[in-house]
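Engineer: Residue numbers (my numbering), protein chains in the order written: chain A, 1 to 199; chain B, 1 to 569.
Careful, some of the hints might be misleading.
[To be verified] Only part of the chain A face toward chain B is listed, based on derived beta-carbon distances under 10 Å:
#1 56
#2 65
#3 67
#4 92
#5 95
#6 121
#7 143
#8 149
[Said to hold, decoys possible] Computed Cβ-Cβ distance ranges for the label pairs, DEER-style:
#9 168(B) to 54(A): 52 to 62 Å
#10 62(B) to 104(A): 50 to 60 Å
#11 24(A) to 259(B): 25 to 35 Å
#12 300(B) to 137(A): 49 to 59 Å
[Said to hold, decoys possible] Chain A is faced by these chain B residues, among others (derived, beta-carbon under 7 Å):
#13 53
#14 186
#15 195
#16 202
#17 209
#18 213
#19 227
#20 266
#21 268
#22 272
#23 278
#24 285
#25 518
Just so you know, the hints here were simulated from the structure itself, not pulled from any lab data. Virtual Cβ for every residue (Gly too), placed ideally from N, Cα, C.
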Amino acid sequence: MAAQNVRYVTESGEEVYGLMAQFSGPADFYHAAEMVRDAGFRKWDAYSPFPVHGIDEAMGLPRPRLPLLVAVVGLGGAALGFLFQYFVTAIAYPMVVQGKPYAAWEPFIPVTFEIGVLFTAFTCILGMMAFNGLPRLHHPLLTRERFLRVSDDAFIIAIEAADPRFDAPAVQALLTQAGALAVEVVTDPRPAPAPHAPH
Amino acid sequence: MSAPHPDELTTKRLAGLAPPPISAAPYDPRTGDGSLNDDPTQRPPLVLGQRSFHDVTETVCGYIEKGPGKWWLPAFVTSAQVAGLMPLMILYLAVTGVGVWGLNNQVDWAWDITNFVFWIGIGHAGTLISAILCLFKQKWRTSINRAAEAMTIFAVICAGTFPGVHVGRIWMAWMLFPIPNANAIWPNFRSPLLWDVFAVSTYATVSLLFWYMGMIPDLATLRDRAALRLLRKERSGRLPLIGLSYDRLRALVYGVLSVGWRFSSRHWLNYEKAYLMLAGVSTPLVLSVHSIVSFDFATSQLPGWHTTIFPPYFVAGAIFGGFAMVLMLLIPSRIVFPGMRDLITARHLENMAKIILATGFMVGFAYGMEFFIAWYSGNSYETDAFLYNRVLPPFVAEWIGSERSAPYWWAYWTMISCNVLSPQLFWFKSARRSPAAIFLVALLVTIGMWFERFVIIVTSLHRAFIPGEWHMFYPTYVDILTFVGSCGTFLTLYLLFVRFLPQFAMSEIKAVMPQASPHHHPGHATAHAADRHGAAHPGGATGMPPGLAGAAHHPGEPLRHPDQPKGGA
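Work out the full structure: start from the sequences and follow the hints.
Structural biologist: See below:
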């Protein structure tokens with residue numbers, strides 16, 4: 001992991017986050033993503049105003065693990081809801097209603113379902129944020145004027161300096177070859193961490 | 001060489017063997033709207049005026065940043081004052097008691113529960129548009145889903161108030177929730193009324209989550225636009241007293257709400273999965289909510305309520321009434337926000353009119369089936385509940401020599417004419433394409449759906465088994481003003497929404513625009529047709545004229561298959 005310790009710093013001493021390149025539209029963006037994927041980069045991302053169809057394959061992204069989490073928590077929530085109703089109706093406060101058995105399961109179905117849905121919905125949104133590392137209110141990219149236009153109509157690919165294969169001139173060449181309209185260096189405006197004191 | 005038969009040409013075009021017609025006129029000169037072509041080989045455009053992505057952002061954000069216009073403040077102030085009636089009337093109710101409503105010993109549910117079912121039903125259209133149409137991949141939903149979801153939440157807020165206050169001692173409403181209290185009393189989980197508490201509160205929560213999650217990217221767009229103006233040192237207005245500039249405030253508020261969304265494809269992947277799963281659970285949820293609301297009635301033994309058709313009947317009615325409300329909000333929106341006509345096209349309105357026609361039929365079928373079962377079951381109480389509580393007007397009773405007639409016949413026939421007859425207008429294409437006619441029918445349907453709930457609740461209750469208990473129901477001014485106040489609350493919240501939040505799901509609209517496809521060829525007459533023909537591109541054997549087949553690909557680039565990676569593997 002020696003490569004990870006290499007830090008790129010600009011002449012003014014700001015830490016380099018990476019290089020970012022803008023593309024003219026979804027088609028160029030898509031093909032550029034394929035090229036970056038094939039070049040073997042790991043720490044990079046593609047930013048577009050909307051999810052471009054098929055970009056996950058173009059980037060070689062793994063299948064999201066969110067559905068598994070949602071299924072587990074949703075079913076768990078439903079089970080919890082059922083047990084809670086059972087506890088209330090059969091144990092904590094048994095009450096004869098319409099002469100039915102205390103522990104009849106049929107009347108518990110609607111609330112069980114609703115609670116399952118509630119857990120599922122919360123897991124969907126909180127899980128989505130957790131897998132995405134959100135909320136994160138600061139990011140080096142969000143300081144760049146060019147990047148702020150992604151939310152409008154810009155298509156951008158950024159390769160991080162933290163990638164083991166990162167080599168600024170080679171990355172720039174790759175992005176230019178992929179059809180970038182412009183390539184620019186993104187720095188992290190936060191003060192760079194102090195170098196390790198020598199022992 | 002004879003020209004092919006039109007049907008033959010259509011078949012060929014659908015199969016991708018013939019080119020799409022070249023002249024896709026962007027605007028129909030008669031209607032000024034290019035979304036109404038009837039050529040089955042061409043999908044009507046979802047966004048008109050050959051808009052770019054940037055145009056969509058500008059249209060949607062512009063109305064938030066520059067303000068919706070001079071009409072907004074007077075409209076807001078007026079509706080907020082009407083909304084003020086609601087807390088006022090609820091306060092009067094709380095300090096006095098439910099006697100201020102027109103309830104009596106026999107009719108113990110009336111306007112309160114009518115309004116509850118009315119509002120919760122309206123909410124259903126939003127979830128239908130955002131969830132069910134999403135699962136069915138109906139792309140036209142993208143320009144109406146945000147407004148419809150907002151409407152859902154505001155309607156559920158209005159709905160939730162009524163059962164909350166109808167309990168009488170509203171400071172005891174917390175007992176609805178399963179919280180252990182000093183007497184160790186727990187709620188009864190076998191009661192549909194308690195199911196209702198869970199269904200409605202889950203529905204409100206999930207709708208809010210769905211709405212919010214859909215809005216995260218659009219809030220990020222608003223944040224980025226404010227941040228861009230700050231970076232460029234553009235001046236914006238300032239808040240009085242505090243002196244904070246509006247753009248800084250926007251960057252802050254929209255920034256926090258958008259949780260740092262960066263439009264990353266890795267994030268989009270999880271986001272789309274989460275959205276799809278939310279749509280997947282919202283679909284049974286929305287069907288369950290009105291089913292459970294209908295259980296409040298259907299599980300009782302009261303004639304007129306004790307009916308197995310209620311769950312599907314209520315759900316169809318909810319979608320029917322909800323779409324009417326969506327149309328009543330969107331048609332005026334198209335007038336006061338002229339830039340939005342390219343996003344909510346006449347085709348969108350026509351589609352919704354068709355849904356109203358279809359669900360109107362379902363509702364009409366349910367009315368007929370209820371009547372049939374009342375007769376077919378041979379249950380005389382059920383027959384009486386229909387004939388002599390609802391249907392038979394006094395003048396007809398006199399004419400046929402019946403001694404009894406239905407005192408609420410006017411409510412029943414208002415319901416039938418508004419809900420069953422008025423949507424029949426949509427058989428005519430000209431009515432489906434006239435916003436004024438659609439608005440009128442939507443208004444009638446909304447009135448009719450309110451009456452449907454009134455008919456179900458009040459007419460069944462007012463004459464049950466024991467004739468000695470029979471009572472008419474007359475609303476008091478408190479009943480009426482609370483309902484008027486709830487309409488004001490709904491409108492006030494909606495006006496706040498159009499002022500401060502994106503009315504359209506921008507990222508979703510952009511994604512369904514023709515140029516959003518990575519395989520899009522800008523030279524095609526219609527991009528949707530191009531999508532369909534994508535598989536046949538760009539070979540010369542498809543019979544496509546060379547001008548269409550691929551020459552319009554990126555200039556100066558060799559012709560290649562769109563799926564083929566550029567520059568080798």
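Engineer: Check each numbered hint from earlier against the structure, then list the numbers of those it violates in ascending order.
Structural biologist: none
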